[in-house]
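Residue numbers (my numbering), protein chains in the order written: chain H, -14 to 210; chain G, 2 to 104.
Check the hints yourself; a few may be wrong.
Claimed, not checked - Here are the computed lysine-lysine pairs in the DSSO-like style, where the Cα-Cα straight-line distance is at most 30 angstroms:
id	chain 1	residue 1	chain 2	residue 2
1	G	K6	G	K101
2	G	K101	H	K44
3	G	K57	H	K162
4	G	K57	G	K46
5	G	K27	G	K46
6	H	K44	G	K99
7	G	K46	H	K44
8	G	K6	H	K44
9	H	K44	H	K162
10	G	K99	G	K27
11	G	K99	H	K162
12	G	K6	H	K162
Unchecked claim - Computed beta-carbon distance windows for the label pairs:
id	chain 1	residue 1	chain 2	residue 2	range
13	G	G69	H	L118	42 to 50 angstroms
14	H	S121	G	H55	47 to 55 angstroms
15	G	P28	H	N153	23 to 31 angstroms
16	H	L118	G	S39	35 to 43 angstroms
17	G	I37	H	P24	27 to 35 angstroms
It should be emphasised that the hints constitute simulated quantities derived from the structure, not laboratory data.
All C-beta atoms, glycine included, are put in the ideal place defined by N, C-alpha and C.
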Amino acid sequence: MHIMEGFLPVTHAVGWSLASLPFVGYGLHVIKRILQERPQQRMLLGVATAFTFVLSALKMPSVTGSCSHPTGTGLGAILFGAVAMAPIGLAVLLFQALLLAHGGLTTLGANVFSMAVVGPFAAYGIFRLATRLRLSFGLSVFLAAAVADLLTYLTTSVQLAWAFPDPNGGFLASFGKFAAIFAVTQIPLAVSEGLLSVVVVNALKRFNSQELQEMQVLTRQEVQA
Amino acid sequence: MKRYKNFWLLCGVVILLVLPLLLVQKPDPGQGEAEIFSGADGQAKELVTAIAPHYKPWLEPVLQPPSGEIESFLFAVQAALGAGFIGYYLGSAATAAKNKARS
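Based on the sequences and whatever the hints tell you, model everything.
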């Protein structure tokens, strides 16, 4: 999902940066409030950040014969809400843009929007919906993280297709081509990300169930189950 | 089953990682694409060049890792830092839970 440095026209680069800015700004405010009001959660916030760090560094092989990486932003969104993940995703993407030539400063806005805005919002929404439908806790986490991962890559495909419509088939033809690279490759990886998120959440549930309950991630019945 | 839930979940991830390696055949060296398991990000970049051949990227990356080795070193550092922190947190949480249960 990293659009390479310089690979978005200036107007798109500026547009996506402006679109991501309010999420990052409000996200910073939310994180500050978490640290002030519930300082005991600062380590857990670190875990959410660390998870994104690990997963976005792991390039995994896929059935399409190419490699891609998960994003890891779904877990944090389930724990802290969607908007808290915007500045965290920005930090990870900045590290990769500056040191690894992976992504870039001109495409940072677009990459933040797909990985740290669309993904987390999808994860949070799906998790809440699945909980309301009384799906099991593990299944809810799995669906949230996996679908968020996939939607991140679909967003990247939309961004690239919008910037580079096919000369014959226009936006849709171009979207099909980019999605063939990104989305299909991503399906097994999204499943992996879902499974890994459940692994971490299971461990948290075992040792920190009270904290999760305070954060309204777990209900009382689920702790006892 | 419930007790080893995380173990089975991790087995699932391993299977998902190994299957592609077994399923994808290496193409004949004579036919065009000789490389398999290249990065999707790089393929998208090539597709941009194919769709818009006249497009010139207007900025180069600030720092380019001087070789593939350095690049994988930096990726490994990134993963190690993250995994180290998660391991530290879970370790101390497990110890705290154990101490609480004992007292």
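The hints, checked one at a time:
1. K6/G - K101/G: With Cα atoms ~24 angstroms apart, K6/G and K101/G stay inside 30 angstroms; holds.
2. K101/G - K44/H: Not OK: K101/G and K44/H at ~39 angstroms, beyond 30 angstroms, violated.
3. K57/G - K162/H: The hint holds at about 20 angstroms.
4. K57/G - K46/G: Roughly 12 angstroms between the alpha carbons, so the hint for K57/G and K46/G holds.
5. K27/G - K46/G: OK: K27/G and K46/G at ~23 angstroms, within 30 angstroms.
6. K44/H - K99/G: Violated. K44/H to K99/G sits at ~36 angstroms, over the 30 angstroms cutoff.
7. K46/G - K44/H: At roughly 17 angstroms apart (the allowed maximum being 30 angstroms), K44/H and K46/G satisfy the hint.
8. K6/G - K44/H: holds, 25 angstroms
9. K44/H - K162/H: holds, 21 angstroms
10. K99/G - K27/G: violated, 50 angstroms
11. K99/G - K162/H: Status violated; Cα separation ~53 angstroms.
12. K6/G - K162/H: Distance ~38 angstroms between K6/G and K162/H Cα, so the pair is violated.
13. G69/G - L118/H: 42 to 50 angstroms: The hinted range 42 to 50 angstroms holds for G69/G and L118/H, with Cβ atoms some 46 angstroms apart.
14. S121/H - H55/G: 47 to 55 angstroms: holds, 53 angstroms
15. P28/G - N153/H: 23 to 31 angstroms: holds, 28 angstroms
16. L118/H - S39/G: 35 to 43 angstroms: With Cβ atoms ~40 angstroms apart, the hint holds.
17. I37/G - P24/H: 27 to 35 angstroms: violated, 49 angstroms
In terms of the numbered hints stated before, the structure departs from hints 2, 6, 10, 11, 12 and 17, listed from lowest to highest.
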